[in-house]
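Number of protein chains: 2
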Amino acid sequence: MNFDWLEMPVAELNRTSQRAAEQHQATLTKPPGALGRLETIAIRLAAMQGVVKPELQRIHIVVFAADHGVVAEGVSAFPQAVTTEMVRNFASGGAAISVLARELGAGLRVVNLGTVMDTGMDTGTDIECGIDHDASTITHLHLGPGTANFTSAAAMTAEQLARALNVGRQNAERAFKQGAQLFIGGEMGIGNTTSAAAMACALLNAAPQQLVGPGTGLDSAGIKRKVAVVTRALAFHQEKLDSPLAVLQQLGGFEIAALCGAYIAAAKMGLPLLIDGFITTVAALLAERISPGTAAWFFYSHASAEPGHQHVIAALAGEPLLDFGMRLGEGSGAAVSVPILRLACALHNNMATFAAADVSQKI
Amino acid sequence: MNFDWLEMPVAELNRTSQRAAEQHQATLTKPPGALGRLETIAIRLAAMQGVVKPELQRIHIVVFAADHGVVAEGVSAFPQAVTTEMVRNFASGGAAISVLARELGAGLRVVNLGTVMDTGMDTGTDIECGIDHDASTITHLHLGPGTANFTSAAAMTAEQLARALNVGRQNAERAFKQGAQLFIGGEMGIGNTTSAAAMACALLNAAPQQLVGPGTGLDSAGIKRKVAVVTRALAFHQEKLDSPLAVLQQLGGFEIAALCGAYIAAAKMGLPLLIDGFITTVAALLAERISPGTAAWFFYSHASAEPGHQHVIAALAGEPLLDFGMRLGEGSGAAVSVPILRLACALHNNMATFAAADVSQKI
Numbered sequence: 001m002n003f004d005w006l007e008m009p010v011a012e013l014n015r016t017s018q019r020a021a022e023q024h025q026a027t028l029t030k031p032p033g034a035l036g037r038l039e040t041i042a043i044r045l046a047a048m049q050g051v052v053k054p055e056l057q058r059i060h061i062v063v064f065a066a067d068h069g070v071v072a073e074g075v076s077a078f079p080q081a082v083t084t085e086m087v088r089n090f091a092s093g094g095a096a097i098s099v100l101a102r103e104l105g106a107g108l109r110v111v112n113l114g115t116v117m118d119t120g121m122d123t124g125t126d127i128e129c130g131i132d133h134d135a136s137t138i139t140h141l142h143l144g145p146g147t148a149n150f151t152s153a154a155a156m157t158a159e160q161l162a163r164a165l166n167v168g169r170q171n172a173e174r175a176f177k178q179g180a181q182l183f184i185g186g187e188m189g190i191g192n193t194t195s196a197a198a199m200a201c202a203l204l205n206a207a208p209q210q211l212v213g214p215g216t217g218l219d220s221a222g223i224k225r226k227v228a229v230v231t232r233a234l235a236f237h238q239e240k241l242d243s244p245l246a247v248l249q250q251l252g253g254f255e256i257a258a259l260c261g262a263y264i265a266a267a268k269m270g271l272p273l274l275i276d277g278f279i280t281t282v283a284a285l286l287a288e289r290i291s292p293g294t295a296a297w298f299f300y301s302h303a304s305a306e307p308g309h310q311h312v313i314a315a316l317a318g319e320p321l322l323d324f325g326m327r328l329g330e331g332s333g334a335a336v337s338v339p340i341l342r343l344a345c346a347l348h349n350n351m352a353t354f355a356a357a358d359v360s361q362k363i
Numbered sequence: 364m365n366f367d368w369l370e371m372p373v374a375e376l377n378r379t380s381q382r383a384a385e386q387h388q389a390t391l392t393k394p395p396g397a398l399g400r401l402e403t404i405a406i407r408l409a410a411m412q413g414v415v416k417p418e419l420q421r422i423h424i425v426v427f428a429a430d431h432g433v434v435a436e437g438v439s440a441f442p443q444a445v446t447t448e449m450v451r452n453f454a455s456g457g458a459a460i461s462v463l464a465r466e467l468g469a470g471l472r473v474v475n476l477g478t479v480m481d482t483g484m485d486t487g488t489d490i491e492c493g494i495d496h497d498a499s500t501i502t503h504l505h506l507g508p509g510t511a512n513f514t515s516a517a518a519m520t521a522e523q524l525a526r527a528l529n530v531g532r533q534n535a536e537r538a539f540k541q542g543a544q545l546f547i548g549g550e551m552g553i554g555n556t557t558s559a560a561a562m563a564c565a566l567l568n569a570a571p572q573q574l575v576g577p578g579t580g581l582d583s584a585g586i587k588r589k590v591a592v593v594t595r596a597l598a599f600h601q602e603k604l605d606s607p608l609a610v611l612q613q614l615g616g617f618e619i620a621a622l623c624g625a626y627i628a629a630a631k632m633g634l635p636l637l638i639d640g641f642i643t644t645v646a647a648l649l650a651e652r653i654s655p656g657t658a659a660w661f662f663y664s665h666a667s668a669e670p671g672h673q674h675v676i677a678a679l680a681g682e683p684l685l686d687f688g689m690r691l692g693e694g695s696g697a698a699v700s701v702p703i704l705r706l707a708c709a710l711h712n713n714m715a716t717f718a719a720a721d722v723s724q725k726i
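Chain order of the listed sequences is A and B. Those letters in the first sequence? Residues 1 to 363, per our numbering, in order. Those letters in the second sequence? Residues 364 to 726, per our numbering, in order.
Heads up, a few of these hints could be off.
List of simulated lysine-lysine pairs, DSS-like, C-alpha gap at most 30 Å [said to hold, decoys possible]: (1) K53(A) - K362(A); (2) K725(B) - K416(B); (3) K224(A) - K240(A); (4) K416(B) - K540(B); (5) K362(A) - K587(B); (6) K725(B) - K224(A).
Keep in mind that the hints were calculated from the coordinates and are not lab data.
If we strip away everything but chain A, and leave its shape as in the complex, we get:
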């Protein structure tokens, strides 16, 4: 159980590159500021990549999946089998994130940290794993058949927590070594909005009513039940929720811990991160609390329709790029926003300067 790597320093942005990128932006044939956020995106990526002209050709998407014991409390509109079924769907190319990864030419890996059912496509290994896009197997890490029901037990053991964080770290390191210029974490896990809402309540000291939402589609009676479950869990664990790691162990999910580990490791290496929706933003908040400074490496892709998302993103002072009422997870909102980041780079890198195009400047 090694948590020491979490303490390593976060990479610093390159302020020289940032200034050079700012100066370059000011020479382009448009009124200053006329491209709005596209300008600041390009400049920020320049500072992250340590170059004047940033690029986003190589994008790695990793979807982490796991089951949740709290599903026994009737907190989801879909049956638990869907976690495993969707893992198969990711691998066979039919899920939203599979379609998006293909369209973007992005790498897609699926990492199953622990589902109740067997996918029937697993290859066994107990170390970091996954599938590459269009591969036909998923490696199962077998951290357990999902987490324990956290209304009456810790969601996971300290060892499971350490391993799940480490799986995330290994996946971020793998992406970095392969030259990824942007990392997207996605998640799949029936019941994981309940886990995310419970953790957000603990981290933000907020009421469950504020942070619990319909997830995949609960009706109002279902949401009421889910609020009661979260309230009960928070009371049960009250005295143990004294650190972000404790919150993650008591109320978390394997896939959320893996996301958290991936974000922390990526920020330490200087790999830019694109955060998806509610679940991943809670993982991002945990990462920032565990390893302060991590958030300097975040882009926030979209405002989720899950009502708790706005509170979590506000706690990170995040400004989402898109607001389409999406609430799917899988990394889908992040993937949809990738072309925006790419076009911001293309404009920054390829527009003519006033001098080169012989265009007059402001009066």
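Fit chain B to the known structure of chain A by using the hints.
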């Protein structure tokens, strides 16, 4: 001076295709509604294209350019020469819209309806014209050396108006014949936010203070001067502003009339339209007022930073997709939103169904 074509009926959306697309959406492996606006975009495009699975491979962008006599009143932060200089920049590939068109694989044409200066790259012809992407000439229509100063005269003659509308129509028809699946109109014209604001005031019966903004970058004294110019122009033309065509003739610009003609013609043929920012939304409002029903063919790409935009888009009950504080024109905001529409189609067309992927449905 033939305006009769404006009276032809607008094409109807295909409701059978719409229902089929809705049914198809409901079978995809995700909670119903979880892709938010991406779902409604795909369904709307299906109804427009009369298919179950819409496509946006072939996108045509036409940038209409012209000068404005009202620039003599000191209403722009940039000199009038910039219109011509930017037309050259579009053609030589260095402008924002040139970069975006390349990234999107979209066709780009530049149509100069009348600038004060010669681009030095013109080829002469008095009929519909333009350049295709990466071509090195721009055809100049010579409707005049820009419009007249509309503080003391009609911006254009009835003949100029008819010709400008017709240039837009011809460009939309050309795109349609070439198989365009989406049409984007862009504009360039130093002074055209003054023209657009004046027309929006007339159409919406609004105060200039509400609709006049900084354009390419006026300071507060400049905005004050611009408000006074618009106020004066509205008073001067007061009795003539009794129809949308009259508003366009008295206060408009050649490029805005061409946009308006393109929108009207496209809607009559059933070619979907993606509206850009402030100027194009005013052209879109004119098009809807001249030919009611045209707006059924609009997508609104983004919320411009130009403050008047929100009022004009509200008058059309439009909901912009993006909000990045852009205010460049050229069709740039529309171009940036194209990948969103394309990903909406890809998800709708290529995701697996519950049945095919053997995924359980809602409890």
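Checklist entry - Which hint numbers doesn't this structure obey? => result none
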